[in-house]
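Protein chains: 2
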Amino acid sequence: MTSLARTERPGQDTADLSPSVAARHACRNGMASSTAGVANGFVQGNLAILPEKLASAFHRFCQLNPKPCPIIGISDVGDPRIPALGIDLDIRTDLPRYRVWRDGEVVEEPTDIMAHWRDDLVAFVIGCSFSFEEALLAEGLSIRHIERKVRVPMYRTNIACSPAGPFAGPMVVSMRPFKPADAIRAVQITTRFPAVHGAPVHLGHPHAIGIADIDKPDYGDPVPVEADEIPVFWACGVTPQSVIQAAKLPFAITHAPGLMLVTDLMNKQLAVL
Amino acid sequence: MTSLARTERPGQDTADLSPSVAARHACRNGMASSTAGVANGFVQGNLAILPEKLASAFHRFCQLNPKPCPIIGISDVGDPRIPALGIDLDIRTDLPRYRVWRDGEVVEEPTDIMAHWRDDLVAFVIGCSFSFEEALLAEGLSIRHIERKVRVPMYRTNIACSPAGPFAGPMVVSMRPFKPADAIRAVQITTRFPAVHGAPVHLGHPHAIGIADIDKPDYGDPVPVEADEIPVFWACGVTPQSVIQAAKLPFAITHAPGLMLVTDLMNKQLAVL
Numbered sequence: 001m002t003s004l005a006r007t008e009r010p011g012q013d014t015a016d017l018s019p020s021v022a023a024r025h026a027c028r029n030g031m032a033s034s035t036a037g038v039a040n041g042f043v044q045g046n047l048a049i050l051p052e053k054l055a056s057a058f059h060r061f062c063q064l065n066p067k068p069c070p071i072i073g074i075s076d077v078g079d080p081r082i083p084a085l086g087i088d089l090d091i092r093t094d095l096p097r098y099r100v101w102r103d104g105e106v107v108e109e110p111t112d113i114m115a116h117w118r119d120d121l122v123a124f125v126i127g128c129s130f131s132f133e134e135a136l137l138a139e140g141l142s143i144r145h146i147e148r149k150v151r152v153p154m155y156r157t158n159i160a161c162s163p164a165g166p167f168a169g170p171m172v173v174s175m176r177p178f179k180p181a182d183a184i185r186a187v188q189i190t191t192r193f194p195a196v197h198g199a200p201v202h203l204g205h206p207h208a209i210g211i212a213d214i215d216k217p218d219y220g221d222p223v224p225v226e227a228d229e230i231p232v233f234w235a236c237g238v239t240p241q242s243v244i245q246a247a248k249l250p251f252a253i254t255h256a257p258g259l260m261l262v263t264d265l266m267n268k269q270l271a272v273l
Numbered sequence: 001m002t003s004l005a006r007t008e009r010p011g012q013d014t015a016d017l018s019p020s021v022a023a024r025h026a027c028r029n030g031m032a033s034s035t036a037g038v039a040n041g042f043v044q045g046n047l048a049i050l051p052e053k054l055a056s057a058f059h060r061f062c063q064l065n066p067k068p069c070p071i072i073g074i075s076d077v078g079d080p081r082i083p084a085l086g087i088d089l090d091i092r093t094d095l096p097r098y099r100v101w102r103d104g105e106v107v108e109e110p111t112d113i114m115a116h117w118r119d120d121l122v123a124f125v126i127g128c129s130f131s132f133e134e135a136l137l138a139e140g141l142s143i144r145h146i147e148r149k150v151r152v153p154m155y156r157t158n159i160a161c162s163p164a165g166p167f168a169g170p171m172v173v174s175m176r177p178f179k180p181a182d183a184i185r186a187v188q189i190t191t192r193f194p195a196v197h198g199a200p201v202h203l204g205h206p207h208a209i210g211i212a213d214i215d216k217p218d219y220g221d222p223v224p225v226e227a228d229e230i231p232v233f234w235a236c237g238v239t240p241q242s243v244i245q246a247a248k249l250p251f252a253i254t255h256a257p258g259l260m261l262v263t264d265l266m267n268k269q270l271a272v273l
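Residue numbers (my numbering), protein chains in the order written: chain L, 1 to 273; chain H, 1 to 273.
Treat the hints loosely; a few may be bogus.
Copies of one chain are not kept apart here, so a pair can be met inside one copy or by any two copies together.
[Stated by the list, open to error] Calculated lysine to any residue pairs in the SDA-like style (CA-CA distance at most 25 Å, straight line):
no., residue 1, residue 2
1, Lys179, Pro66
2, Lys179, Leu64
3, Lys179, Val106
4, Lys149, Leu137
Hints in this document: simulated from the structure, not taken from any laboratory.
Looking at chain L on its own, in the form it has when it is part of the complex:
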């Protein structure tokens, strides 16, 4: 990892830092805004932090549902570091904003979780669609919600995740409309990225996966699907947050939506082809 040599030294100018390290340091220093467009080229991840007692069931849940929950990093118990994602990474401070959950409710949205960290916590970092969107854009495809500067539309589906322990619920999907030839290209491109949701899970026919009204997403913002376009649906990293909420756990921590962990991995490193 080229960023290794660039890890902050006392007195080091932040201009010398790799963009991903600089983004994490900005978070440590109070940056609390969306990470969309931050440190282009670097993998961003969804965060889920759970007590050890629940972590093994959650790990199994992710294993059973790799399309919505592709794990790209995991901490040791009680250890806030995940060196594979960034040698200096501290999961307690390096995201812009967190959500602290108690009994299925968000009770706090702090900018660090130093006060909440415990020796029994395990942190999971889960792949996010920003990575495959970069690949789609690089191949010349247009992504509607990016063009319109809104959040991607997301929907709860009737596709049941495989349950594990208290974790169960429907898959959440994100939707991007494409002309048919681009939809085919998008299947090919995203197939290369199994670590960040991979190929679509559905296309066309929203009703077939339980979406009653494509104009009314359950999360994010609606975007138009033109008459000559096909809605293409990918498994979404909101799924684990949704099942954590539904499980009404005594305690959990996640990232705040859109305010992700920036890692030192490059998106292009995740391509299997």
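Dock chain H against chain L, hints included.
Chain H alone, transformed into the frame defined by chain L:
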């Protein structure tokens, strides 16, 4: 090629022959029926034979339009052999039935073309969808026209091929309906087979590629597309035959539809992944 050692010797029992060699020998001995289901696992090809004067333009046409016209074999000028497709292969006798074209009309449908062969002819063998259909079936997908024991429905589209010399015209596509998740899988599977049409060129919205009525194919037989299915369209090897017909060449030879050349290549050898 394992079939090399199995090439016919005088007095050899045909039971010893590889299925592909046996199929070609059956053609030499008068077999004149469809090659669908013959020599499973072996690549079958469309045939186009043209005088040398026109062959270079046709070769360029195929190069410019690799999805409908993927060349898998080509003969030397005046040479009826294509050793790369079968060491003993004789293109003049080894197909069940041929079409002899004069000025854009079929004038004869002989079971061999010994009487028509000339020293200036070049034979092109072009990949066919039988190969990727085998891969789709092997992965557990159902193919509607095979289930129904009819020919695949094919349509002339408004997608113009890139012209070369006298060769020009619309792409012909074949259509297979799938449920959305299977359509995505079919894109992935057929992407592995660029030598036999590769990934689909279109899905959904037949009108967008100039298909007025999905129930009225221009070639082959109609099959139903159910409400929860997506029609998926692949570039079709009927395209070169269609442009040869439209070019009203003084002389050309093709295979008769569905009565293909059986080669010694294995379908699985064509997978690039």
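Evaluated hints:
Within a single copy, Lys179 and Pro66 get their C-alpha atoms only as close as 27 Å, which misses the 25 Å cut-off; across copies the closest is 22 Å, which meets it. Proximity of Lys179 to Leu64 under the C-alpha cut-off of 25 Å is restricted to the inter-copy arrangement: shortest distance 23 Å between copies versus 32 Å within a copy. Neither within a single protomer nor between protomers do Lys179 and Val106 lie at most 25 Å apart by alpha-carbon distance, with minima of 39 Å and 39 Å respectively. Within a single copy, Lys149 and Leu137 get their C-alpha atoms as close as 14 Å, which meets the 25 Å cut-off; across copies the closest is 42 Å, which misses it.
Violated hint for the displayed structure: number 3, the only one.
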